[in-house]
Structure formats: structure tokens, C-alpha cells
Amino acid sequence: MMAKFLEMGGYAVYVWPAFAVAALVMIGLLITSLRTLRAREAILKRLEAAARRADDGA
Amino acid sequence: MSQRRSGSSLHRFANPSRFLRLGRRLTPWFAVLAAAFIGAGLYVGLFVAPPDYQQGESVRIMYVHVPAAWMALFVYSCIAAASVASLVWRHPLADLIARASAPVGAGFTAVALITGSLWGQPMWGTWWVWDARLTSVLILFFLYLGHIAINNAFDDPTRGARAAAILAVVGFVNVPIIKFSVDWWHTLHQPASVFRLGGPTIDLSMLVPLFLMALGFTFYYMMLLMLRVRSEIVARKIRTVQLLQAAP
Numbered sequence: 001m002m003a004k005f006l007e008m009g010g011y012a013v014y015v016w017p018a019f020a021v022a023a024l025v026m027i028g029l030l031i032t033s034l035r036t037l038r039a040r041e042a043i044l045k046r047l048e049a050a051a052r053r054a055d056d057g058a
Numbered sequence: 059m060s061q062r063r064s065g066s067s068l069h070r071f072a073n074p075s076r077f078l079r080l081g082r083r084l085t086p087w088f089a090v091l092a093a094a095f096i097g098a099g100l101y102v103g104l105f106v107a108p109p110d111y112q113q114g115e116s117v118r119i120m121y122v123h124v125p126a127a128w129m130a131l132f133v134y135s136c137i138a139a140a141s142v143a144s145l146v147w148r149h150p151l152a153d154l155i156a157r158a159s160a161p162v163g164a165g166f167t168a169v170a171l172i173t174g175s176l177w178g179q180p181m182w183g184t185w186w187v188w189d190a191r192l193t194s195v196l197i198l199f200f201l202y203l204g205h206i207a208i209n210n211a212f213d214d215p216t217r218g219a220r221a222a223a224i225l226a227v228v229g230f231v232n233v234p235i236i237k238f239s240v241d242w243w244h245t246l247h248q249p250a251s252v253f254r255l256g257g258p259t260i261d262l263s264m265l266v267p268l269f270l271m272a273l274g275f276t277f278y279y280m281m282l283l284m285l286r287v288r289s290e291i292v293a294r295k296i297r298t299v300q301l302l303q304a305a306p
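Residue numbers (this note's numbering), protein chains in the order written: chain D, 1 to 58; chain G, 59 to 306.
By construction, these hints were calculated from the structure, which means they are not laboratory data.
A few of these clues could be false.
To be verified - Simulated restraints, written as ranges between beta carbons of each label pair: (1) D/K4 to G/D189: 29 to 37 Å; (2) D/I27 to G/Q179: 19 to 27 Å; (3) G/D241 to D/M2: 41 to 49 Å; (4) D/L34 to G/Q112: 19 to 27 Å; (5) D/K45 to G/Q112: 30 to 38 Å.
The model shown is predicted, which means the values in this text are computed figures rather than measured ones.
Backbone N, C-alpha and C define an ideal beta-carbon position, used for all residues, glycine too.
Use the sequences and the hints to build the structure in full.
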């Protein structure tokens, strides 16, 4: 039953890579977008903290 | 001030901090809707929908190929609309929306091209053919890449955004060419079978998973747009802080 499903009527080598490519691109875009957002938020936080310290010191 | 208060609702959303709040609230909803619709689309597309009487099980590639191709055109249209808003009204969020969208659209276009190739080999006997539909979609992919490159090619981000916006508006001519390429030229690609005069020609059992996936992909784009625009706003803030520190 499962093997028959995975065979995709003999088109397995075309069907599964198609779904895999879509998943890979969409999950990849999500992960890089989240990572960039987190990294930028961290940089901004550091910069703002440094600016505040400089203000206090002045 | 009074003018701003009486301004259109569009203007209220032009305010980045308002957008940040809205985006933060909407992102989880878009994520849930995207997962639900894509999950349902995968289930119906893989387990419930019948094999095609000519193409057999290979027809299931359609459930990623067609929604990805629709999104490739939809995201580009969003970029073109945002670019008009940026060039005409200097809408402060429009540049960020265009910039945040381009890599997502390029991703969908790549998925459409690769899955199309994987479908073409068993059905047409070739991975690729230089006909109007395939070539115009390849041009769309290069337009996306050009948009990303131009956007980053200037030291001043507003100049990069302007140049990219002009490219996006001029390149929009490609969108109707893609849509009608299957009617205007001889091609191996099958003609429109969903959005056509006289209604869809494909069966409901295949239309349902197709639309479930298309809705899921749309919500996925919305979710990513919220995240990526937020990211662009943070990047602009970083730049502002750095410029202030460099010139005390």
C-alpha cells in the first residue's frame, strides 16, 4: 500500500523531487528570513545600548 | 496634523511603527493559515485527487507547479504596484515591500521552472524547450534577480530602491506576455485551464487541491512579507543610528 503510493505509478523520480524542491525553497526562505530578522534586531539593540551609554557618559 | 488625521487609511499604514505592530499581530495568523491550507492541499492532492486519465500520477506535480507559477506572477504584480506607489507617492513602506518581496518571488519562479522541468520530461519527453511560455518565465526569473541586484547596487538605499522600482514597472510588460503566451504562440505547454473565459476545464476533484495549495502559498507569502518588511525596517533603523554615530 505504502510502497505503491511512493511509486507514484512509475513517476516517483519526477513527482517526489518536485515536491522536495518546493519544500526546500519555501522552508529555506523562511529560515533565512527569520535569521536575518533576529540578527538585525540584535545589532540594533547593541547599537542603541551603546548610544545610551555614550549619552550617559557625556 | 489635521491633514494627516483626515488622510486616507492608506496613509495610516504607511507609518512604519504602525506596520510593525500590525505585522507582529498578523504574522502568527498567516503562519497558521499557510500551514493549514498547504497541509490540506498536500493531503487532498496526494491522497484524494484521482490520477489523470492521460498523465497518470505525474499530474500531481501540478499541485506545486501551478500555485508556484501563479505566485511568481502575483508577487511580481505586488512589486510592480508597490513600485508605482513608491515612484508616484513616495510611499515610505512601498520600497520596503518591493525589496522584501523580490527574493520570495524569485524563489517561487525557480520552483515553477524546476517543477515544470520535472513534469515536462515524462510528459513531453524533454526537460526544456525554448518556447514562449518557458522563455518568458525564465525572463521573469532574471527580472527578479536584476531587481535584487539593482536594489543593492547603490550606497544610498533610496537610490537603489528607485532604480529597482523603475525596472519593476518596465518589466511588468512581461506579466501579460506570460499569461497569454500559450494563446499567442505555438507551445508544448498546455493552455490555461483554470482562469479562462468560459470557466475552468479541469475537474473539481483537481481544482480543490489546486486552490487549497494556492491559498496556502498566498498566506505563506503574506507571513514572509510581514517578517521581511519588519527586517527591512530594522535595517533602516540600524543605518540611521550608524549615520548619527559617524557624524556626531
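Hint check:
1. Distance hint check for D/K4 and G/D189: the Cβ-Cβ separation is about 35 Å, which falls inside the suggested range of 29 to 37 Å.
2. A hinted range of 19 to 27 Å holds for the C-beta pair D/I27 and G/Q179, which are about 25 Å apart.
3. Remark: the range hint 41 to 49 Å for G/D241 to D/M2 is upheld by a beta-carbon distance near 42 Å.
4. For D/L34 and G/Q112, the hinted distance range of 19 to 27 Å is not satisfied, since their beta carbons lie about 42 Å from each other.
5. Range check, D/K45 to G/Q112: about 58 Å between beta-carbon atoms, so the 30 to 38 Å window is missed.
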